[in-house]
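Novice: Line order of the protein sequences matches chains A and B. At position 212 of the first sequence (counting the first as 1) the number is 230 in the numbering used here, and the numbers step up by one without a gap. At position 253 of the second sequence (counting the first as 1) the number is 1142 in the numbering used here, and the numbers step up by one without a gap.
These aren't lab readings, by the way, just hints derived from the structure by calculation. Please note that the accuracy of each hint is not assured.
Pairs of lysine to aspartate or glutamate, DMTMM-like flavour, derived with a Cα cap of 25 angstroms [stated by the list, open to error]:
| # | chain 1 | residue 1 | chain 2 | residue 2 |
| --- | --- | --- | --- | --- |
| 1 | A | 98 | A | 123 |
| 2 | A | 374 | A | 393 |
| 3 | A | 111 | A | 78 |
| 4 | A | 235 | A | 285 |
| 5 | A | 286 | B | 966 |
| 6 | A | 381 | A | 285 |
| 7 | A | 286 | A | 198 |
| 8 | A | 111 | A | 145 |
| 9 | A | 155 | A | 145 |
| 10 | A | 381 | B | 937 |
| 11 | A | 235 | A | 127 |
| 12 | A | 57 | A | 78 |
| 13 | A | 332 | A | 109 |
| 14 | A | 264 | A | 371 |
| 15 | A | 374 | A | 358 |
| 16 | A | 235 | A | 58 |
| 17 | A | 57 | B | 966 |
| 18 | A | 286 | A | 395 |
| 19 | A | 286 | B | 1142 |
| 20 | A | 286 | B | 950 |
| 21 | A | 332 | B | 1142 |
| 22 | A | 374 | B | 937 |
| 23 | A | 85 | A | 285 |
| 24 | A | 332 | B | 950 |
| 25 | A | 332 | B | 966 |
| 26 | A | 332 | A | 123 |
| 27 | A | 235 | A | 252 |
On the chain B side, residues computed to face chain A include the following (Cβ under 10 angstroms) [to be verified]:
| # | residue |
| --- | --- |
| 28 | 916 |
| 29 | 923 |
| 30 | 926 |
| 31 | 934 |
| 32 | 964 |
| 33 | 967 |
| 34 | 979 |
| 35 | 1040 |
| 36 | 1049 |
| 37 | 1052 |
| 38 | 1056 |
| 39 | 1083 |
| 40 | 1142 |
As the structure is a computational prediction, the values presented were derived from the model and not from experiment. Backbone N, C-alpha and C fix where the C-beta goes; we use that ideal spot for every residue, glycine too.
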Amino acid sequence: MKRLYAIAFSLLAAAGLARAEDPVRREQFVYSVLAFNGKDYSGTFTIEEADSFYLMAGVDNFLTARKTLVYFWPITGDWKMDSESLNQVFEGKVELTGPGGRPLELQRERYTYYNVQGEYELNWKVDRGAAADAAWKRYEEIVNSYYQAMNRHYEAQAAYETRLNELSLRITRLREAKRDVTALVEELKAMQAPEPPQPPRDYIVPPSPVQEAFILKLPVGEYRIRFLVQDAAEPDRWRVMEGSEKRIVVFERRRTNGIGYEVIPADKWTRPVDSKTPSSVLYVDGTADLYLRPFFQDEFNDLAYEKMRQNDAKGNPDLLKWVRLQQVPQARIQVVRPGDGPQEVLEAPYYVEQVKGAALGYKIVPFDPQGAHKDRDPSLRAFQIPIQRQNGVIRLQVRDKTGAPLPGGGRQIRVVVQSRLRGLLFLLAVVPLAVMAVVLARRSRQVTG
Amino acid sequence: MSERLHASRVIASRRLLEAVITPGFYIALMIGLLAGYYLVVGFAGAIDSSGFNFQLHPIYDLIARSLSGAFGATFVEKLFAEGPFLFALYVAFLPILLYLAVSSVFRFGLEKNVGAVELLTYGPADGTSYFLAFFLKDVLLTLLSVVVLLAFFAVAAAMNNLVLGPMFLVSLVLIFFAAMAVFAYGILASVLTDSAASSIALFIGFLVLFLLVQMGSFTIVSRYVRSFSGLLSWIINWLSPLFYWNLGLAAAEMGGSGGFLLSLLALLALTGVVLYASHLAMRIRGVRP
């Protein structure tokens, strides 16, 4: 009987736990927003309780109105959309009222977006209407031709392997029969495996399948938005969808083309840190070399940027933050050490090797494509700055490909060694106490005198 | 006017002498320096191969977690971007500021209560020259404290191969001007109340209000509309030294020397306005409690 109670209790407890882990899903009208964040597109959505959403000025952002299920996920502390269970995209139009006060109606458009190869990482393109279909078709053709080339390669590879097996078998048999195999061996040696076709490199991010959305490219300001649907009874009438009235805050970069550094210490390559503030100083203990990667960054309002990326995020409305955009192409870093003239450091490929033995950990070594790292890719491309404990101060300046210094690209690396004169500093801190003792003693002597 | 200034100067010199022959100022200065020492040494000890690592020092770990939770990671990143001195300066200056301001408020309230100010106004001085003397004394001691803090942190930076940083120097100037406005509010609190205790309570009320509004503006939020609190804080901001201090910092960060100078001028103007309000209140209320 006791066992039965125990089983029943366990089942009830498990059911309770399962219920507790299953968040309540609510059917809501949401705006699904695909917003350009300065470096790529990030998706977010507005729950009914949200009074606003944020977009960057002067860039294409995509908006759809839909009915879906939303729920709060306590583990990550944010709202999520269950679009697999319900995802009904509404037909209709949006009405925007901007700072001028005149409402503007927008219809849905077909679109695709993609990032093409270029000198810089950021080459985002948006095509609309027929151009979007053409861009998608072109991408499909590239992919299809690649697959066809791959099929041909597989066939050639299969033929190559068949011939290889044939020759190997024949050579083995002939050798067993003690016959001359020179010609066959020569043929075997001359055989070369077919080269696989190169995957298409036209795109960094391929075009998205063509979809329909309201495309918002707005100047800075605050806008009111509402979603209008046709009345079922009177098709000429448009009614406002309940819960669709929101505010759009369109913001812009405060400063642009700043320079930040990604700092990768040789002993912790998986834990890079960023140096974003132009006046910041890189303090290190001098136990490991640094590998640097300079990047362009733009400055945004913290709250606006965070909420653009995720509408239920928090941010600081009175602070500006630097946001990393893309690596500085073909950069070079000028390094000045005390007592030395300026040296120019160039970007080089490096490979991360696991340290053998009980110590574990990693070390970063120059990439050797012909030797130890043949047929592998470099783990990182960066600027190596050797650091020694006696270095003191190392000054850096990023330069562009022409050698011109980039504004905001200067930094200092300072090797901090715990001072042996800490006791002296403590004594300095208590000097006021000593002065007080002297003054009070003198005063006491004067009074008693 | 010149007689009033002369009277203020004479009283201020007596007050200064009193301040340097009593232990309070030295103890406040030492507490500030010790706090600064602890923060600088802690920072130097929390540096590893990748930079400043909060987790290596328990106090910094606590500070970083608390500040990140309240104001966001960007705030903390900026606070320590140039090193420990910006944060250490504020922490070190706080006990000095509080000591100078509260002691003046208390003393003024006490002397007014026992009739000392009234007695003095029968002679060559008036109530305004009396509170101006307090103000002058506090400003001079603040200047001395700022110089001492600068010298101490410069030595600490040299010893540990750290840099003071441009924002530290900017903050040093800003806190001096902001402190003047705080002292002016202390005088206003003393003039508006009848006893030492109530003047301290009112003065602390002013400070807490300004601090809450300033912290509120830095606090991370998730909603766009801050409605009533936003409107209220907008009004209070115009009266708050911390608001102009923050404007000055923001201008300096953007490299705008014009904006920085404007914020200093605004702090001076605020100080003048509050002192003038104290003068008017003194004239209306008189020097009797």
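Novice: Determine for every hint whether it applies to the structure shown.
Specialist: Evaluated hints:
1. 98/A with 123/A: 29 angstroms, violated
2. 374/A with 393/A: Between residue 374/A and residue 393/A the Cα gap is close to 21 angstroms, so the pair holds against 25 angstroms.
3. 111/A with 78/A: 17 angstroms, holds
4. 235/A with 285/A: The given pair, whose Cα atoms are some 45 angstroms apart, is violated under the 25 angstroms limit.
5. 286/A with 966/B: Roughly 20 angstroms between the alpha carbons, so the hint for residue 286/A and residue 966/B holds.
6. 381/A with 285/A: 6 angstroms, holds
7. 286/A with 198/A: Outside the cut-off at roughly 59 angstroms; violated.
8. 111/A with 145/A: 20 angstroms, holds
9. 155/A with 145/A: 12 angstroms, holds
10. 381/A with 937/B: With a Cα-Cα distance of about 17 angstroms, the restraint between residue 381/A and residue 937/B holds, given a limit of 25 angstroms.
11. 235/A with 127/A: 13 angstroms, holds
12. 57/A with 78/A: 13 angstroms, holds
13. 332/A with 109/A: Measuring from Cα to Cα gives roughly 32 angstroms; hence the hint is violated.
14. 264/A with 371/A: 53 angstroms, violated
15. 374/A with 358/A: 36 angstroms, violated
16. 235/A with 58/A: 15 angstroms, holds
17. 57/A with 966/B: 22 angstroms, holds
18. 286/A with 395/A: OK: residue 286/A and residue 395/A at ~20 angstroms, within 25 angstroms.
19. 286/A with 1142/B: Distance of about 31 angstroms is beyond 25 angstroms: violated.
20. 286/A with 950/B: Holds, because 20 angstroms separates the two Cα atoms, which is no more than 25 angstroms.
21. 332/A with 1142/B: 23 angstroms, holds
22. 374/A with 937/B: Holds. Residue 374/A to residue 937/B sits at ~23 angstroms (cutoff 25 angstroms).
23. 85/A with 285/A: 50 angstroms, violated
24. 332/A with 950/B: This hinted pair holds, its Cα atoms lying about 22 angstroms apart.
25. 332/A with 966/B: 16 angstroms, holds
26. 332/A with 123/A: 31 angstroms, violated
27. 235/A with 252/A: Answer violated: residue 235/A to residue 252/A is near 32 angstroms, above 25 angstroms.
28. 916: 7 angstroms, holds
29. 923: 5 angstroms, holds
30. 926: 4 angstroms, holds
31. 934: 6 angstroms, holds
32. 964: Holds - the Cβ of residue 964/B comes within 10 angstroms of chain A, reaching about 6 angstroms at its closest.
33. 967: Result: holds, 6 angstroms to nearest chain A Cβ.
34. 979: 17 angstroms, violated
35. 1040: Because about 9 angstroms separates residue 1040/B from the closest Cβ in chain A, which is inside the 10 angstroms limit, the hint holds.
36. 1049: 5 angstroms, holds
37. 1052: 6 angstroms, holds
38. 1056: 7 angstroms, holds
39. 1083: 33 angstroms, violated
40. 1142: 8 angstroms, holds
In summary, the structure is inconsistent with hints 1, 4, 7, 13, 14, 15, 19, 23, 26, 27, 34, 39 from the numbered list given earlier, while agreeing with the others.
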